[in-house]
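Same order as they appear, the protein sequences are chains A and B.
First residue of the first sequence: 10, per the numbering used here; consecutive thereafter.
First residue of the second sequence: 243, per the numbering used here; consecutive thereafter.
Read the hints as simulated data drawn from the structure, not as lab findings.
C-beta: ideal position from N, C-alpha, C; glycine also.
Result set (EDC-like, lysine to aspartate or glutamate): computed pairs, CA atoms no more than 16 Å apart in a straight line:
(1) A:Lys157 x B:Glu509
(2) A:Lys182 x A:Glu40
(3) A:Lys216 x B:Asp334
Stretches of chain B that chain A covers, calculated by requiring three or more beta carbons in the stretch to come under 8 Å of a beta carbon on chain A:
(4) 335 to 345
(5) 348 to 359
(6) 464 to 474
(7) 505 to 517
(8) 521 to 528
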Amino acid sequence: MAKSISPRAVLGLLLALALLALPPVALSLGEPFYIGLASRMLVFALAAMSLDLILGYGGLVCFGHAAFLGVGAYVVGILGHHAAEQTLLFGILPGTTSGWVTWPLAMLCAGFMAFLIGLVSVRTQGLYFIMITLAFAQMAYFFFVTLKGYGGDDGLSLGQRSTFSDLVSLRDKSTFYYVTLTMAVLVGGGLIKVTRSRFGMVLRGIKENERRMLHIGIPTFRYKVAAFTLAGAVAGLAGALLANQANFVSPAMMHWTRSGELIVMVILGGMGSLLGPAAGAVVFLTLEEVLSAYTEHWQIILGPLLILVVYFARQGLYGMLPRRRADR
Amino acid sequence: MGIFLFAEQVLNGLQLGTMLFLMASGLTLVFGIMNLVNLAHGSFYMMGAYFAATLFKLTGSLVLAAAGAFVGVLVLGMALEIAILHSFYRRDHLDQVLATFGMILFFNELVRMVWGPQAYFLALPEALNGSVELIPGAPYPIYRLIIIVAGLTVALGLYLLISRSRIGMLIRAGASNRTMIEALGVNIRVLFTVVFGLGAALAGLAGTMAGPLLAVQVGMGDSVLITTLVVIVIGGIGSVRGAFLASLLVGLSDTFGRMLLPASLAEMTIYILMAVILYRRPQGLFPAHG
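All chains should be modelled from the sequences, with the hints used to inform the complete structure.
In structure tokens, the structure reads:
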């Protein structure tokens, strides 16, 4: 939630204060549960922003984004597993719980996977692109389902959260929340910078008219693959955070419905605005929380609600505030 | 591998393939003609299976159950088309994906509320439970043969309907130029509703037939939906002929993949197949439009 760069200084300041004050307020109200929920929201906000980079700006409707989230989470999970068992990965690499190693590695692995998938899939257009990214995500899903050494279908529990030397301890809920907040603000702010750079302009141009971009001499294929890779890497970081938040990784994280939910968050918030999808993630998880407290069959409400949103509110939440944010 | 085992696996592959074709034909027709991506197609499959299971319990007749489920899903499909989906024909694919994704959530939850979370198992009547020896010494279940025959019959019927009948001519004309055929005085709205309903009913039929082979349970439509999407993408979206060949290709490669490859690769066979084909031919094997 990179409100720090919002031109709406007052609104941004209020939001920043609210975000900073959340853990102590929740603790004083005796509701520490909300700190965990808020961390989860921030993680998904980050994931939704990474998807928005390719979906909203590049026009690449990726229906397999949860796979990158899952790979990032599994990097943390698998290395943690080997650290706990004192065994070697591939027979040579020792496990570790150090976040200095696992978090960048999560980004690297997810980014590299996105690079490979991007090489194949951005050649296709429209519905074919939607389906091929879905197919790759399914491959990743089944790969981890059949990985019996790491729990298969049942997933893998994290013995402990990632460590950062003696700098911070993520065991504490509030600390974890602030670390997640910092990550979301830094990386989210970075993504906003990217979209305003030449790279971001080219990406938007490709969405508007790819042929034209090609004819003015821009290698659109490379730009699309680069954006896809970057989005995958950021989703990988979100995955590493998610593994820590849940203390658990499982193939369910990359189930295709999760990819669908990520798209819903982006659309709900308003694609092509980065801050919108971040808000979309918060709203989506709030809806899930509120509806599921009301009835166990909350999806019967969510489904039709989704149809209504798509039908009536095409611009998402962000589009509902045109005047307040018109000067962007 | 013995010749008997090989023949049996070929038949299993064909059986899976024809079943997939029942799903894929409707999905690809709806895309090719109305330009609609319908993720809720798997829900029709699930509803077909539940309708059939319930009717079978009430009447004890498999034929009545199958017929009732077919009509039930036909009506459900047409109702959904009239109420919601027809207004999404001119929206972009992303909107369609999201709206029909919402429908999946709705139907899965609806089934869980009405029928409960536990799985149903349909028992076959005695007459269908046996096996026949196509090749002497190699018995094969009658029921699976019936599925193959039914699937091939539907394929032939669709071929005749689309390329030999007047309705088929209108459908093809509507697919290539909607405005023109409307100007010629054809009520395209009704035609679209009928095509959509028919596609849904075929998915329901596939669900009905899958009932005795697999468990009837919540979410059973989701996995088959994804396999079906793989089929129509390989075949070229919008092409019924492509869907037919791709169904058999996917059915056979999935069956043989499961027999020959280690478990982790076997689940991925069809996705690898799709990735390779799309890499070589980004529009699938039989691109429908140009």
